[in-house]
Amino acid sequence: MHSFHELILLLVVLSDFWVLGTTRLSSTIRATAIQGVLLAALPIALYLHPSVHLIGLALGTFLVKAVVLPYFLTRAIREAAVRREIEPLIGFTASLMLGAAAVALSFAIAPRLELGSIPSAMLVPVALATVIIGLIVLTTRNKALTQVVGYLILENGIYIFGLTQAERVPFLVELGVLLDVFAGVFIMGIVVFHINRAFDSLDSALLTELKD
Amino acid sequence: MLLLGLILLPAAAGLLATFLRSVRSRVAVLVGVASLHVVGTAWLWWAHDVSALGGWLAVDALGRIVLSVVSLVFLAVAVYAIGFLAAQQAKGRRLFIRCLLAFLSAASLVSLAHHLALVWIGMEATTLALAPLVFFKRDRRSLEAAWKYLVLSSVGIALALLGTFFLAAAQVDGRPLILEDLILGAATLRPGLLHAAFVFLLVGYGTKMGLAPLHSWKPDTYGEAPSLVAGLMAGALTSCAFLGLARTTEVMAAAHQTAFIQPPLLALGLASLIISAGFMIGQADLKRLLAYSSVEHMGLLAIALGIGGAGTYGAALHLLNNGLIKTVMFLAVGNVVMLSGTSEASATRGLLRRAPITGALLVAGLFAVTGSPPFGLFVSEFTILGAAFHEGLVWLAVVVLALLAVIFVGMARMILGVAYGRADADAPRLVETFPLVAGSVLLGGLVLMLGLYIPSPLHDSLAEAARALGGGAP
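Each protein sequence line maps, in turn, to chains A and B. Counting along the first sequence from 1, when you hit position 26 you're at 25 in numbering that gives the first Met the number 0, and nothing is skipped either side. Counting along the second sequence from 1, when you hit position 92 you're at 91 in numbering that gives the first Met the number 0, and nothing is skipped either side.
It is worth saying that the hints were derived from the structure and are not from the lab. Here the structure is a predicted model, which is why all the values come from computation and not from measurement. Ideal Cβ placement from N, Cα and C applies to all residues, glycine included. Just so you know, not all the hints are guaranteed correct.
Said to hold, decoys possible - Short derived list, chain B residues pointing at chain A, Cβ under 7 Å:
1) Glu-123
2) Leu-127
3) Ala-145
4) Pro-175
5) Leu-351
Said to hold, decoys possible - Stretch-level coverage of chain A by chain B, calculated; a stretch enters the list once three of its residues show a Cβ under 8 Å from a Cβ in chain B:
6) 16 to 30
7) 48 to 57
8) 107 to 115
9) 161 to 167
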């Protein structure tokens, strides 16, 4: 079971690519739900004798990222007629290539950070790759909902990086971060719902009235 | 106990306000909590070595200055809310007060936290607390503004979290992410990770401050949000965001990294001045004009941190001045919107005759915000520019002065037109009730006082804050 966490990290990268390559909105939400499950399992898999603190973190992550947020986002798009990402600014193949480049770059950079002792060599590169892929999704997709998913992926990458410091950063802090992410995505989901109602579409590209 | 009270009281009152039936009692809770908060904050100027939660919360000079700005600005906004809410439909008012109080709680947390992750949590909470209020008008434009505000701020603040984790990783010993321990052990911080941490924190908190080129949410958000919410953002929220950057600067200064942080701070600051000068010329909307003015002043603060030396004293003083005067301006523009129904400058003329106190505040505010004597911003900008000369950055001082002149012209053209322009004889007048002007008059008076005389406890605090930022008093 020693390399169980490496399997999880590999699956995290795969779920990143799933979001990059899929057209269906419901499918991107499912990918983040699966990523939520993986992230919840990660702290337990990384440390052989998980403390109460890590188990609490795993439970909280599971509840917020694997259950509540996916359920909420699914409800937010249920009424939308459009279920597909039609024309991203960058094509799907191109964004998959960008994602691959992000992974390569992350594995190149990570060893140069003098991080001291960390539980897994793959942790930092996967974290950085997930952050970059989250940013790619955020900036290249037109649908407001996909952008929320991009933000979630970005946060997930930061969460993975945070696990390198999990033993040092107190539980209260992680709980606060989780709560903020939850509230953030919740409010974004409500705005997505209003965008859908006001424009009959989830396109954030239609939001162009304000400019100088 | 007092520190926890400053954070928890507004949050608890927000919950309480949910259950109160009448608008009158909810507004009473809002103003009551705001007043208590000012009293508690004032108490901190006399109490020494207050801390709570094992050093996670503590009072230092810079945090106290930011908390004072937040507290005063909030009181002015709360009083204004009495007049504002009376003129609104019933729908949304309950949420309005709850969000305002949640913001006060989060902003107090940012000011008092000495645990950098706690600073982050508070900062994200301030962002989220005000997001529903940007969408107050419930139309397409405010929806777009709310979306941009949420996405850009959230992404920015997410990068700040990554920077915070980098900082934790850079730390070798001491309690993790506690400001005092970071500063004490600054010499042992791993330089590579420290640099990466600074870059992410600068981008993250810089986005929240609205430094160019990370400012694009600002004009839209300030333009669409109700004026008192925009005033709270420009006065209090940006001050909190600056504190996030200042905490980072404190650590970098203690680690002798000023040479590393100077170029990016100066670059972002100058970009902010250039962008705001460019977009103020030919601007048609008062609130968007003020938004660019906020970008300008955040740029000046970044430049002041970058200059170092006496510039840091100027930064602390400028933070105080800018927070107060921005709120005055936005509340005055709020009255203009009440009068004309829009913040477009061309819709309002002859303000001085139709709403004399508001008009006078707007004109005085124009001279104050552009750094004219005898107002406080003149003193702080003079200190910053003086520091630039002293540190051998003469080119910088010259460029900044030129840009400030352009900005003065852009602002004066619009505001003087609104104040003096010829209006029809039968144009409606505004009944300037006490709540609509009291807060602005109070804050405006303070800015005037700061230009003439700085009380010695304040001077000592500013000097202490400047030393923490790696500089000193001029």
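Structure-based check of each hint:
no.	hint	result
1	Glu-123	4 Å, holds
2	Leu-127	5 Å, holds
3	Ala-145	6 Å, holds
4	Pro-175	4 Å, holds
5	Leu-351	28 Å, violated
6	16 to 30	violated (count 0)
7	48 to 57	violated (count 0)
8	107 to 115	holds (count 5)
9	161 to 167	holds (count 4)
Of the numbered hints given earlier, the model fails hints 5, 6 and 7; all others are met.
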